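With the hints as a guide, bring both chains together as one complex.
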Amino acid sequence: MSLLSPIKDHHSERRLFIGRVILASIISFIMLGVVVARLVQLQVFDHQLFAEKSQGNRVRIEAVPPIRGLVFDRKGRVIAENLPAYQLELIPEQVDDIDDTLRRLAAIKLIEPNDIPRFIELSRGGQQFKPVTLKFRLTDEEIANFAIQRPRFPGVDFQPRLVRHYPHGGLFAHAVGYVGALNTADMQRLDSARYAGTSHTGKTGVEGSFEDSLHGDAGFRHLITNARGRQVPASNRELLDSLPTDEAANPGSNIYLSLDLDLQKVAFNALEGRRGAVVALDPKTGEVLALVSSPTFDPNLFAVGMSTGEFRGLQDNPDRPLFNRATHGTYPPGSTIKPMLALAALETGATNLTRKTVCIGYFQLEGNEHRYRDWKREGHGPVDLHDAISQSCDVYFYELSIDLGIDNMHEYLTRFGLGSQTGVDVSGERSGVVPSREWKRTNFSDRDNQRWYHGETVIASIGQGFMLATPLQLAAAVGTLAMRGDRYRPHLVAAIEDPLSGERQAIEPDWLGNVAIGNEFYWDNVLEAMNDVMQGPRGSARAVGTGAPYKMAGKSGTAQVVSIAQDAEYDEDELEERQRDHALFVSFAPFDDPRIAVAVIVENGSSGSGVAAPIAKAVMDEYLGYSHVSAE
Amino acid sequence: MFRPSDTQRLLSHRTIRVRNFSGLLRRLNIDGPLLSGLLLICAFGLLVLYSAAGESSILLINQAVRLGVALIAMLVVAQLPPDFLRRWTPWAYAAGLVLLILVLTKGDVGQGARRWLNIGIRFQPSEAMKLAVPMMTAWFLHDRQIPPKFGHLAAIAVLIAVPTILIAKQPDLGTSLLIAASGIIVILLAGLSIRFIVGLGVLAVPGAFVLWNFMQDYQKQRVLTLLNPDSDPLGAGYNIIQSKIAIGSGGLFGKGWTNGSQAHLEFLPERHTDFIFAVLGEEFGLFGVLSLLALYMFVIGRGLYIAIQAQDTYSRLLAGSISLTFLVYVFVNTAMVTGLIPVVGVPLPLVSFGGTSMVTLMAGFGILMSIHSNRKLLPH
Chain X
955 MSLLSPIKDH HSERRLFIGR VILASIISFI MLGVVVARLV QLQVFDHQLF AEKSQGNRVR
1015 IEAVPPIRGL VFDRKGRVIA ENLPAYQLEL IPEQVDDIDD TLRRLAAIKL IEPNDIPRFI
1075 ELSRGGQQFK PVTLKFRLTD EEIANFAIQR PRFPGVDFQP RLVRHYPHGG LFAHAVGYVG
1135 ALNTADMQRL DSARYAGTSH TGKTGVEGSF EDSLHGDAGF RHLITNARGR QVPASNRELL
1195 DSLPTDEAAN PGSNIYLSLD LDLQKVAFNA LEGRRGAVVA LDPKTGEVLA LVSSPTFDPN
1255 LFAVGMSTGE FRGLQDNPDR PLFNRATHGT YPPGSTIKPM LALAALETGA TNLTRKTVCI
1315 GYFQLEGNEH RYRDWKREGH GPVDLHDAIS QSCDVYFYEL SIDLGIDNMH EYLTRFGLGS
1375 QTGVDVSGER SGVVPSREWK RTNFSDRDNQ RWYHGETVIA SIGQGFMLAT PLQLAAAVGT
1435 LAMRGDRYRP HLVAAIEDPL SGERQAIEPD WLGNVAIGNE FYWDNVLEAM NDVMQGPRGS
1495 ARAVGTGAPY KMAGKSGTAQ VVSIAQDAEY DEDELEERQR DHALFVSFAP FDDPRIAVAV
1555 IVENGSSGSG VAAPIAKAVM DEYLGYSHVS AE
Chain S
604 MFRPSDTQRL LSHRTIRVRN FSGLLRRLNI DGPLLSGLLL ICAFGLLVLY SAAGESSILL
664 INQAVRLGVA LIAMLVVAQL PPDFLRRWTP WAYAAGLVLL ILVLTKGDVG QGARRWLNIG
724 IRFQPSEAMK LAVPMMTAWF LHDRQIPPKF GHLAAIAVLI AVPTILIAKQ PDLGTSLLIA
784 ASGIIVILLA GLSIRFIVGL GVLAVPGAFV LWNFMQDYQK QRVLTLLNPD SDPLGAGYNI
844 IQSKIAIGSG GLFGKGWTNG SQAHLEFLPE RHTDFIFAVL GEEFGLFGVL SLLALYMFVI
904 GRGLYIAIQA QDTYSRLLAG SISLTFLVYV FVNTAMVTGL IPVVGVPLPL VSFGGTSMVT
964 LMAGFGILMS IHSNRKLLPH
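In order, the protein sequences belong to chains X and S. Throughout, the working numbering is defined as the position within the first sequence, counted from one, plus 954. Throughout, the working numbering is defined as the position within the second sequence, counted from one, plus 603.
Looking at chain S on its own, in the form it has when it is part of the complex (with noise of 0.2 Å):
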């Protein structure tokens, strides 16, 4: 299970060079050009984290074993064969459902929120839910027919459904709609009727109204700071505010490494976390924010490419959905951070600083190297 065959097919061609670096790679089921760009995309995070961080070596050490223990977590992921996480998926997904409940009940509050899960370690439930929500959708349509039937549909809005408003009670608005847009990116690659999708377009205005009125107030809050953030410059508007002004003031190459005025006399709030796009933008300008948007456009480039080389539905759905997701989240926190969009609380993938996330995230580029070192080298 843990020694693919392809692998030792390649293997057996190609002796001479089992010893080098990339055969290495190879044997430990690990896709290089993938591994390279995320450790590019962690570099080049570390480096912003640091000054965001105030300069603290404190910081930048936890987040680099945090790093450590992802990596750790994509490589034991990247050992797990496609059609064994395929079989045991249904029974992740129920795992994460008794433990969203579980945090509903007796969760860790914190910051307002009741996210956490406190057994022998903390850690939310939901970032779980964020690879088994596509893993359940992609089941469920392997072996059915695909464009899915309508019925079908049904059954699947019902998967993503569940876990998306467990987590919005939590609440947790940003996660959810991550989560469930994973879970539709699913469908959607699945080969949903495009008319299908308008159809649901046209439905998503009467149903922003329902949203908006079981939003809480913090969240319509962020959606009117959005709309007009000078009307409330020193409250809700002052993230977008001075996020924008960091990184307007970075101009084409920006102040420098450490020398952001924005971020490191405090202007901008969480210049760590969710906002340290905006650092980037300050001390390295367009320059440095495009060079990392490049990054992360390989990164995801490279999953789709894996996608399209998978062999079965499971894998080329889940492979496209995590690749999608990741494309999601780095948008909407860019977006946020450059005042698109509402502040959503979404961090900015393996830069911002947080574990959990990391580790899902690294954990999810595992999947991908998984499938990819499993594809059937089939003739075309």
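So here's chain X without its partners, still in its complex pose (with noise of 0.2 Å):
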């Protein structure tokens, strides 16, 4: 080890090592060259590229949904609204032992023991740091009974939010709707940028078919997240500077309807809970001022979010609270049509106003044994068309329809809007049936039922058979009455309010043209026979209408139920109360210058002039301003 070993050559290898100290230099040099030129290229070069990478990073862009529109009535009264409600959330991060705590929630009776394995899959599916919403909607006695026991329940807390609200439940669940949580299906027909941060979307009503107009465009914020996804607080003013600017949320139009809320009140009540519908609208616009459906429900319950059983318990409701009657329900109308069927056979000549028909108590077809009975046993006696009305006489009509045929019995009545779709604006509405051979021939594959028979055309003219109609489409035809042909379609929409600029847009009245029946004379007979009806010596809803402060116009309907559903639920008793005819009422008023027409169907309701009638009425009163004096 000695430093003066003879084989070391002491300045040869200071030198060979001072060399190699330069090579060693040299390539340092170069490593960090390289190192150099690569800060240079990411630095310098691709600067721009990583500033906006590093933006992208941190800048989370969250959607803020808009606020849904209002929906008033025609007199600016709140129908639908948005409410703050508290909802129980759960924040997993923020919870040590989530399986507890969701036990001790159930404990206290503020989520469902059932859920508890549901919101432990979504506490630990999530982001920990997103809240998991236990309960939507938390009543105040559960508000107050949370906050005492708070500490007990770390990461646990109630939040409020904007929940729809229906002020008043169910009179308007079948008309303006309700509104639901998202589907997938919803998602797959929804701009996925203007439902950004939505939960809810319109479902039906004019929730539904107004969903475009009530929505409102979702709104943009730019938040500083963590790689987590998490907020940042804007303490840090230098991360936050350099943030786009935020775009505010659009708020859904304001809709106000044509339906007036106490009318709706009023056909409402006037139903008294039975299965039925009613529909009130303005013959000179198509305004449609009620639109009632009973029995109803609570359409809040789709808003907040109900439970299984709920869902089913409305659903399986032997009554179909969920059924739409006023739209969705397909009637014979009964002897509603008459009126109809008489302009039909005065304007092609198949009677005349003076031919008379003695009554019997029943009808035969020539060569035919078969006896089609008037609702009056023992006969009306002789009668012309205008009796044939006002009393409701069957025999007359069956007469009467040999000559006018079945086609022409649908060519008519399809120009008043029977048969077809009304065009309302809310979606889903039946289009009902008017029979003809042409009709018989597409619907039936059977050769022996694609003929038309006699028999059937007999029936059709009391609105039996095959022929359909739904409440809505009963209240336009009476209002096409009402206007000596004129046809407006029927809305229930009268405006669309931008609510940031107050700009009300209405809804023109839209006329659909004209049933061509020309001769005035032939609308004087038939509009007073049907004035008759309700205000006449022998009209058939004479105890509704006579002694009324003013002059109207009515038709009662009494349909027969084809088939019954052989439900296993009923007993004896309620079997039959479902085999009794449905009881129909079709109205207008005032009679010189009509500025309601209404449709009433009463299911099982048994007598049109009897149960029906009097609820048209009631609608007719309210709207006119004669409530006081008919209620003494």
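There are no misleading hints in this set.
Beta-carbon label-pair distances, calculated as ranges:
hint	chain 1	residue 1	chain 2	residue 2	range
1	S	Leu-893	X	Pro-1453	56 to 64 Å
2	X	Val-994	S	Ala-757	39 to 47 Å
3	S	Gly-804	X	Val-994	23 to 31 Å
4	S	Leu-893	X	Ser-966	35 to 43 Å
5	X	Val-994	S	Arg-630	39 to 47 Å
6	S	Ala-757	X	Ser-966	19 to 27 Å
7	S	Val-701	X	Gln-1048	46 to 54 Å
8	X	Phe-1083	S	Gly-802	57 to 65 Å
9	X	Val-988	S	Asn-816	27 to 35 Å
10	X	Gly-1010	S	Gly-635	47 to 55 Å
11	X	Gln-1142	S	Phe-817	46 to 54 Å
12	S	Val-765	X	Val-988	27 to 35 Å
13	S	Asn-816	X	Thr-1262	55 to 63 Å
14	S	Gly-635	X	Ser-966	29 to 37 Å
For the chain X half of the interface with chain S, some residues (derived, Cβ under 7 Å), not all of them:
hint	residue
15	Ala-978
16	Ser-982
17	Met-985
Think of the hints as simulated: they come from the structure by calculation, not from any bench. Here the structure is a predicted model, which means the values were calculated and not measured. The beta-carbon is built from N, C-alpha and C at its ideal position, and this holds for glycine as well.
This is how it looks when you write it as structure tokens:
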């Protein structure tokens, strides 16, 4: 180990070492040069790209859902609004033992024990800082109860949010409809940009059909987030100053309905909870003034969310509260079509005003023993067209039907809008059926069934057999009668209001044409007969109309229940009740200047004039301002 | 032994200045320029660390304490004359090997690797080997012919390979490669023929294939990720992508101290340890990273100057190796963070948070200082 080892040449060794150090220094410079070159590349040449990536990293765009438009009735009263409600939320990362917390929440009855596994899954699945909603709407009691116990539940709290609220409960459930939580089908249908951040969408009624107007446009908020997506408080200005500007949400338009809250209430109450529907409209414009289907349900259940049991209860209810009878229910129109057939017969010459038929209580087709009975067993005696309408003589129309023929009946009833959709501004309405030879040929496969029989013409003349119509169609048709042939598209929405400017765009009446029965004399006679139905000495509904302070016109109908759902749930009494005839009534008033046309159906109500007519009268009284007078 | 004669000689010549600062440094065998460079790096490092650690003063104090310990280690080592170090080198090396074997049999497991030994205090014996291997190599060559003969090379290869393999088995690929590098640097400085180096380079190609087959899956993944970080942006490639975004978005002058969004919003992983260089790049820009690199270059340059000034084979080889290994650390870390080489888990020397490596590094610089102050002032 001596420094003076003979084999070592210290000078040459030193030279060699210095050479190597120089070489090493050159290599070092090259290595660091590579790093510096890389840094220049990243920080100078690609700086813009990385600056954008860094921005994209930290800035998260969060959608701000728009506030849904409000719905008002024709007098500006709130029908659908947005109310703040408190929901119970759990933030997974703030809860030590989620299972235990949920069990204790169930113990104080804030959540259902059955839901615990679902909430556990939700808590584990998502981002740990994102709240899981345990309950959508807390009652005041629940809030008070939880507020006391809050210290026991770290990570669980209630948060406010806006919930759609229908202050009148079930009153507008079918007309205005409801909003419900977005489902997969909605997601595919709707524009994802507009619906970013939205949780609910209109499902039925005006809420469904005017979803586009009511919803509004989502806005956007830029948030600084860290790598796990958590929002960072805006304490550090440097991190915030380069944020793009936010875009405010565009609130949805407000909708003014043509419906009248008071009229709706009267119609609904008049039905007294029976299965049925009332549609009232302004014949001059087509504005629907009332649209009621009974029984009803609370649309708030859909907006807040209900348990599977509650929903099944609504669905399985034999009275079908979810079913919108006014637009989706199709019924044999019964005698309510007689005024229209009378006009058709006059126009085509199938009858005239003086022709009389002796009603003996039944009618027989030539060479056929079958008796088509009148509702009045003993018969009406000799009746002309006017009597046939006012007293609702079936035999007159049986006889007339043979001369008129099914295809003329089809032609004229179709002109009145039966058998096709009215074009009302809420979707899903049924079109009903006005039969004809052609219709039978295309709708039946069996050769025998494809033939049209005279007997079918006979019963069609009193709105039985294949004929079906919705209450809305009947209301529109009687409105057309009131207007002496002018048809207007029925609509529930009267105006759409921009919530920011307050600018209101009214929906103009949509004239659909005229039924083209030109002779005013025919109209005078048929409408006078309809007036006599209610206010004439022998009118079928004179009990309802006589003594009223205004002149009105109407026509009753009683429709046989053709087929009965053989539901095992009914006992004999109830089954019997469901075999009774449907009661129908159509009317309009005032006679000389019609402002309201009404169609009423009471399922299994037995008597059109006895059960349905008073309901129609009550609605007309209310609308025309005679409710107090008539109540006396 | 602790009072080197040359210092006494210098003191006798410049008594007037005895009490001034540079005199004090000389008495303590401290090299002023080297110490200044190191302290500047450490100060800069603490500044960046404070921001990288989310403005945590706890971490900062922790690191400052470690720095203090490391500086004391440096001071102590600087008092050991090279001759003393050389005499004890084989023993230190042997002790290191024993400790490495103990680690593999009885070591503590942490982060999927067995790297720590707990004898009252927890430490990594591989850290000691970072100094022991170049010391042993230099010791071996000290009284042998330079450039080394082939037989000697084979012996040195064994001396380097044994600890390298033991550390690689922990597994700690990064450290084992650095230790191998520190030994190989000694051989290169000792004048290994350029032709031989080229020959080894040619052999390295099949060697790489063999190495690939011996690599752990995570190691292979790191190589693959480097080649195409975007193939797995949320997995293995995430570190490199986020690190490049951090550095690139820093631009010329950076986003400002404590304003790095990549670091502060936790996009950048390992931001106060292996990837702290990216925080520096993000917050201080090209200006900041070049400043730090310049400081490193200064320290390395000073180290090589000391190596050239050294008078005996052991000292100059060891000084050269310590300086150049430091360069390798800097290069590997910065190249890794900028996405030039695979992520190998090498901290940025003196800046990354972490204790043992800082002590080792400072002890190394203590050796440099000892070598410098013990150089014989012979006329050239």
